[in-house]
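The listed protein sequences correspond, in order, to chains D and S. Be aware that the first sequence starts at 165, since it is given in the working numbering, and climbs by one per residue. Be aware that the second sequence starts at 165, since it is given in the working numbering, and climbs by one per residue.
By construction, these hints were calculated from the structure, which means they are not laboratory data. Any given hint could be a false lead.
[What the hints assert, rightly or not] Okay, derived cross-link-like pairs now, SDA-like style, lysine to any residue, Cα gap no bigger than 20 Å in a straight line:
1) D:Lys237 to S:Ser368
2) D:Lys222 to S:Ser229
3) S:Lys236 to D:Asp327
4) S:Lys307 to D:Ile235
5) D:Lys216 to S:Asp418
6) D:Lys296 to D:Glu393
7) S:Lys237 to S:Asp198
8) S:Lys236 to D:Asp232
9) S:Lys212 to S:Asn246
10) D:Lys237 to S:Ala342
11) D:Lys374 to D:Val343
12) D:Lys396 to S:Gly177
13) D:Lys365 to D:Lys422
14) S:Lys236 to D:Glu329
15) D:Lys421 to S:Ser290
16) S:Lys236 to D:Val197
17) S:Lys217 to D:Arg294
18) S:Lys236 to D:Leu189
19) D:Lys216 to D:Ser229
20) S:Lys364 to S:Asn280
21) S:Lys409 to D:Thr411
22) S:Lys296 to S:Glu247
23) S:Lys222 to S:Ser290
24) S:Lys422 to S:Lys364
25) S:Lys422 to D:Val343
26) D:Lys236 to S:Arg225
27) D:Lys422 to D:Glu310
28) D:Lys422 to S:Glu393
29) D:Lys307 to S:Asn280
30) S:Lys209 to S:Ile235
31) D:Lys222 to S:Phe293
32) S:Lys236 to D:Lys307
33) D:Lys389 to D:Leu415
34) D:Lys300 to D:Trp375
35) S:Lys422 to D:Lys222
36) S:Lys217 to S:Asn246
37) S:Lys396 to D:Ala431
[To be verified] Label-pair distances were calculated between CB atoms; the ranges are:
38) S:Val192 to D:Pro420: 23 to 29 Å
39) S:Ser419 to D:Ala372: 54 to 60 Å
40) D:Tyr371 to S:Leu174: 30 to 36 Å
The structure presented is a predicted model; accordingly, all values stated were derived computationally and were not measured. Think of the CB as a built atom: it goes at the ideal place given N, C-alpha and C, for glycine as much as any other residue.
There are 2 protein chains.
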Amino acid sequence: MEGEGQQISLLDGVEDRFGGIVVNLMEVESMTVDDFDAKLDASLKAWKDQGKKGIWIKLPRELSSLVDTAIKKGFTYHHAENEYVMLTSWLPQPPSTLPCNASHRIGIGAFVLNKNGEMLVVQENSGYFREKNVWKVPTGTIKEGESIWAGAVREVKEETDIDAEFVEVLAFMESHQAVWQRKSDIFFVCELEASTFEIKKQDSEIYAAKWMLVEEYVNQPFHNKEGNEMFKLIANICLKKSRDKYTGFVLTKDSPKKSLYCRVDHANLLNETADQASTSLSD
Amino acid sequence: MEGEGQQISLLDGVEDRFGGIVVNLMEVESMTVDDFDAKLDASLKAWKDQGKKGIWIKLPRELSSLVDTAIKKGFTYHHAENEYVMLTSWLPQPPSTLPCNASHRIGIGAFVLNKNGEMLVVQENSGYFREKNVWKVPTGTIKEGESIWAGAVREVKEETDIDAEFVEVLAFMESHQAVWQRKSDIFFVCELEASTFEIKKQDSEIYAAKWMLVEEYVNQPFHNKEGNEMFKLIANICLKKSRDKYTGFVLTKDSPKKSLYCRVDHANLLNETADQASTSLSD
């Protein structure tokens, strides 16, 4: 084996707070397979001797020639994004306690009401509902780093050109094996209030779009077919909401990185309650 | 270029309903780099001629030697799981409309009340709260394919050996750049009712566990420090709930693959309302 008997430099690793090592090669522009092979061997031996546990190697797309070497030495894929793949190896005996990858995709359905109390519905060019003649609420997937409420507003604008404001989350549904066979999906039903009226549909995704009476939407034959009970429940929640008999979770506190959704009555009384709590203990 | 002038077989691809091709090599045990290289060239040319759009190649860990070839031909990583990497290429002009990878990790915090109205709190051996002397609710991450309510029950049992039943979701918080620098996290605050009393803490993760008065939990100095407002809001929601002044989203309908959470009053009245809706339109 090459390198035996001479000093081989180790891979540059940073300790994490769980007793592991993170090797980030994103800034490395080139490394030969032989060089990586020798360094990885020496590094793994050193890390094992030091009692390190989880090893992480972040390989940029430009170093894809090194993936095979890491896999052959016992690494597995952890996750990947467009421009890199993250590989992991757990050095102690199993079980591994490495954290799992992102497990869910977040979808939104937008229940958009106009000032006449009508709701915004669309038919799509592709996907599950295509050619089923079903009117549905605008739906979409949250983008990387986008908040649920913002994603709902954006999708409505993109699909129909309607400007709308987020009101609240009415309900949410979790579905398993929904994405890539093993990822789950959480679909947040969001109420929005439209501030414009004229619809201009987006042609590539949307076949038709219009305003519709909520009762007509709820009573589409589709909702009464077996297997569609969840759709009917959600439609009924929208109906109740349009009749002022349902409230959901408003956006209580929002910042660029964090959003908290809870009951509106709590949002209104929150500070008062906090003061009461402090008092009750200091008495 | 090898293969020119002779017939090269294409990669086995299945059409998807969005005008794309999915090549699944999970059952292929071996393929040489040269063979893959020639087949991929020929396939890409054929697919482009046929007007195909998104190309997906699912490569098992055993074929990691082929990753580099696909990347060099313009593929990018889409996502990866332990045993495979998914590569994609978008053949038409940009923009690509390929669906995004899973974007969120789902966490739970369990507000567990016993029959005395006390709540279950823990201190952890590692992580953000370590050595901060803060009592926190049991928390954890949802596993692949696990439902939110089930994950909350499991985490409480694992960390403290307390058996508990899911009551409802009290609130949820979304945090960006929370996982792997670009993934988001949704933290569901779940209320549980304990059916056992004796705590046996799990030693590797948990430093201490006990029952505590809700007021004492809420009034910990940690909650009043700047930057911890979200924690305080969540603590106050728990306090309100313990005083019967807050309701959240119950599990309205649950099946192995789907769970719908909504307001309890709606859950109770759902069938009645559905009937009313049908009647109102047929009148």
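Against the structure, the hints:
The hinted pair formed by D:Lys237 and S:Ser368 fails the criterion: a straight-line CA distance of about 29 Å is larger than 20 Å. Pair hint D:Lys222 plus S:Ser229 holds up; C-alpha atoms about 17 Å apart against a cutoff of 20 Å. For a cut-off of 20 Å, the pair hint linking S:Lys236 to D:Asp327 is broken: about 43 Å separates their Cα positions. For a cut-off of 20 Å, the pair hint linking S:Lys307 to D:Ile235 is broken: about 24 Å separates their Cα positions.
Taken as a hint, the D:Lys216 and S:Asp418 pair is broken in the structure, with Cα atoms around 42 Å apart against an allowance of 20 Å. Using a Cα cut-off of 20 Å, the hinted pair D:Lys296 and D:Glu393 holds, with the two alpha carbons roughly 17 Å apart. Only pairs whose Cα atoms come within 20 Å are accepted, and S:Lys237 paired with S:Asp198 is accepted, the gap being roughly 13 Å. Distance restraint check for S:Lys236 and D:Asp232: the Cα-Cα separation of roughly 14 Å lies within the 20 Å cut-off, and the hinted pair is therefore satisfied.
Taking the CA atoms of S:Lys212 and S:Asn246, the gap is near 31 Å; set against the 20 Å cutoff, the hint is violated. A C-alpha spacing of about 30 Å is found between D:Lys237 and S:Ala342, which places the hinted pair above 20 Å, so the restraint is violated. Between the alpha carbons of D:Lys374 and D:Val343 the distance comes to roughly 29 Å, so the proposed pair goes past 20 Å and is violated. Taking the CA atoms of D:Lys396 and S:Gly177, the gap is near 37 Å; set against the 20 Å cutoff, the hint is violated.
As the CA atoms of D:Lys365 and D:Lys422 are separated by approximately 32 Å, the hinted pair breaks the 20 Å bound. With a CA separation close to 45 Å, the supplied pair S:Lys236 and D:Glu329 exceeds the 20 Å bound. Note on D:Lys421 and S:Ser290: the hinted pairing is violated, with a Cα-Cα distance of about 23 Å set against a maximum of 20 Å. A C-alpha spacing of about 16 Å is found between S:Lys236 and D:Val197, which places the hinted pair at or below 20 Å, so the restraint holds.
Taking the CA atoms of S:Lys217 and D:Arg294, the gap is about 19 Å. The hint holds against a cut of 20 Å. For a cut-off of 20 Å, the pair hint linking S:Lys236 to D:Leu189 stands: about 18 Å separates their Cα positions. The suggested pairing of D:Lys216 with D:Ser229 is violated, with an alpha-carbon distance near 26 Å, which exceeds 20 Å. Between S:Lys364 and S:Asn280 the CA atoms are separated by roughly 19 Å; this keeps the pair inside 20 Å, and the hint holds.
For the proposed pair S:Lys409 and D:Thr411, the alpha carbon gap of about 15 Å is at most 20 Å, so the pair holds. The straight-line distance between the Cα atoms of S:Lys296 and S:Glu247 is roughly 38 Å, outside the 20 Å bound, and the hint therefore fails. Using a Cα cut-off of 20 Å, the hinted pair S:Lys222 and S:Ser290 is violated, with the two alpha carbons roughly 36 Å apart. For a cut-off of 20 Å, the pair hint linking S:Lys422 to S:Lys364 is broken: about 32 Å separates their Cα positions.
Proximity of S:Lys422 to D:Val343 is assessed by CA-CA distance (about 13 Å); at most 20 Å being required, the pair is judged to hold. Of the supplied pair hints, the one linking D:Lys236 and S:Arg225 holds, its CA atoms being roughly 9 Å apart against a limit of 20 Å. Distance restraint check for D:Lys422 and D:Glu310: the Cα-Cα separation of roughly 10 Å lies within the 20 Å cut-off, and the hinted pair is therefore satisfied. With a C-alpha separation of about 11 Å, the suggested pair D:Lys422 and S:Glu393 falls inside the 20 Å cut-off, and the hint holds.
As the CA atoms of D:Lys307 and S:Asn280 are separated by approximately 44 Å, the hinted pair breaks the 20 Å bound. Between the alpha carbons of S:Lys209 and S:Ile235 the distance comes to roughly 16 Å, so the proposed pair stays at or under 20 Å and holds. As the CA atoms of D:Lys222 and S:Phe293 are separated by approximately 27 Å, the hinted pair breaks the 20 Å bound. Restraint check for S:Lys236 and D:Lys307: not satisfied, since their Cα atoms lie roughly 27 Å apart, outside the 20 Å limit.
A C-alpha spacing of about 34 Å is found between D:Lys389 and D:Leu415, which places the hinted pair above 20 Å, so the restraint is violated. For the hint pairing D:Lys300 with D:Trp375, the CA-to-CA distance comes to about 11 Å; that is within 20 Å, so the pair holds. The suggested pairing of S:Lys422 with D:Lys222 is violated, with an alpha-carbon distance near 35 Å, which exceeds 20 Å. For the hint linking S:Lys217 to S:Asn246, the alpha-carbon distance of about 27 Å lies beyond 20 Å, and the restraint is violated.
Between S:Lys396 and D:Ala431, the direct Cα distance comes to roughly 13 Å. Compliance with the 20 Å bound is thereby established for this hinted pair. The hinted range of 23 to 29 Å is not satisfied by S:Val192 and D:Pro420, whose Cβ atoms lie roughly 45 Å apart. At about 31 Å, the beta-carbon gap between S:Ser419 and D:Ala372 misses the expected band of 54 to 60 Å. The hinted range of 30 to 36 Å is satisfied by D:Tyr371 and S:Leu174, whose Cβ atoms lie roughly 33 Å apart.
This entry does not satisfy hints 1, 3, 4, 5, 9, 10, 11, 12, 13, 14, 15, 19, 22, 23, 24, 29, 31, 32, 33, 35, 36, 38, 39, going by the numbered hints stated previously.
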